[in-house]
Amino acid sequence: MFPSKALSSPPARAAYLSGVRDALLVIPSYLPFGLVCGVASVNAGLTTGASLALPALVYGGSSQAVALQFLQGNASLWVAILSGCVINLRMAVYSAAMASRVRHLSKARRMLVAAFLVDNTFAFMQERERTHPHDQHIVAYYAGTSTMFWTFWFLFCAIGIFAGNIVPASWQLDFAIPLSFIAIAATSIRSLPMCAAALVGGMASVLLFALPLKLGLIAACLAGLLAGLLTQTVSQKIRAQKS
Amino acid sequence: MMSLTVLQSWAVVFGLAIGTFLIRYSFIGLFADRDMPAWLDRALKLMVPAIFAAIVFSSVFMVGGQLAGLDQWPRYVAAFIASVAAVLSRGNMLVTLGVGMAGLHGLPWLVGLAS
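If you read the protein sequences in the order shown, they are chains A and B.
121 is the number that this note's numbering gives to position 121 of the first sequence; each next residue is one higher, with no gaps.
43 is the number that this note's numbering gives to position 43 of the second sequence; each next residue is one higher, with no gaps.
Hints are supplied without guarantee of correctness; some may be wrong.
[As the list claims (entries may be wrong)] Okay, derived cross-link-like pairs now, DSBU-like style, lysine-lysine, Cα gap no bigger than 35 angstroms in a straight line:
no. : chain 1 : residue 1 : chain 2 : residue 2
1   : B       : Lys45     : A       : Lys242
2   : A       : Lys214    : B       : Lys45
3   : B       : Lys45     : A       : Lys237
4   : A       : Lys107    : B       : Lys45
In short, the hints are calculated from the structure, not lab data.
Using the sequences and the hints, build the whole thing.
Next up, the structure:
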């Protein structure tokens, strides 16, 4: 996947392989979510080719799941696409954090790094930097985790597309979607403003579900954002008064 | 089961793929020579929990585009105990999924035993 020149030296190859090994530990947890996303793309009525291209080209489970849920609910195409993109806005934070680490690479390489940027590759890279400070081969490590995550994500989605309906509907496997988001959210809430953003965003998504054009999810995200900003401003003022 | 035309299917794939790539490439490439403005960084970091909570709440409390009723109580209780498991396991995906799915199917079974 990544140009072999980058992996020609033994230490770079070792970094790549440790990325592969580290990724193996969390890959089993991709299975249920991948299956669900595969099944969802069939149920949303995508052609088989497009269903396979979705995990391969978009490569972002939460945005796939949300866009597909919207399509299944008969939302218009652009609302489904827009909602999926809003879900992925968080990747701009990762992109900004990655920028200094890939500045020395060519434009083509940087595009390649960007294409494989997901929650897990970013989290693994940060952890690697903590345990291996000043590692010159951090990009090779990133390539190792990316190879594994992308390959297995595609594989699990493909299994869902072709064999997902073997799982009986009574298992309610689609409940795995909110469950996997609960697992992600549990680590993303680290302050009071974040907690407020989550609570308001969550409640607003239920209250605003009837908004026209299915814009409720986007409106709920904005409501949560506003609540978070407000909480942040108020708590800063209180802190300023105390000191 | 509904069906999209070939053109519609690929429009969704490419629309989402291109939009997502532009977000991923934003500060790595498009605005590589400048830092992310502080207000945007602040807003995006607050938006992440809002996004995830919005998806969780709407998919736990809504079934088929309708507010789920009280008879769907195993969903609510399972989501709650899965949240506790997620916090205790520091976001371990397999633990959260295992506890949540076990709750969803185990709770009605336990209630059935008791009554």
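Structure-based check of each hint:
no. : hint                  : result
1   : Lys45/B with Lys242/A : holds, 26 angstroms
2   : Lys214/A with Lys45/B : holds, 24 angstroms
3   : Lys45/B with Lys237/A : holds, 20 angstroms
4   : Lys107/A with Lys45/B : holds, 27 angstroms
No hint from the list above goes unmet by this structure.
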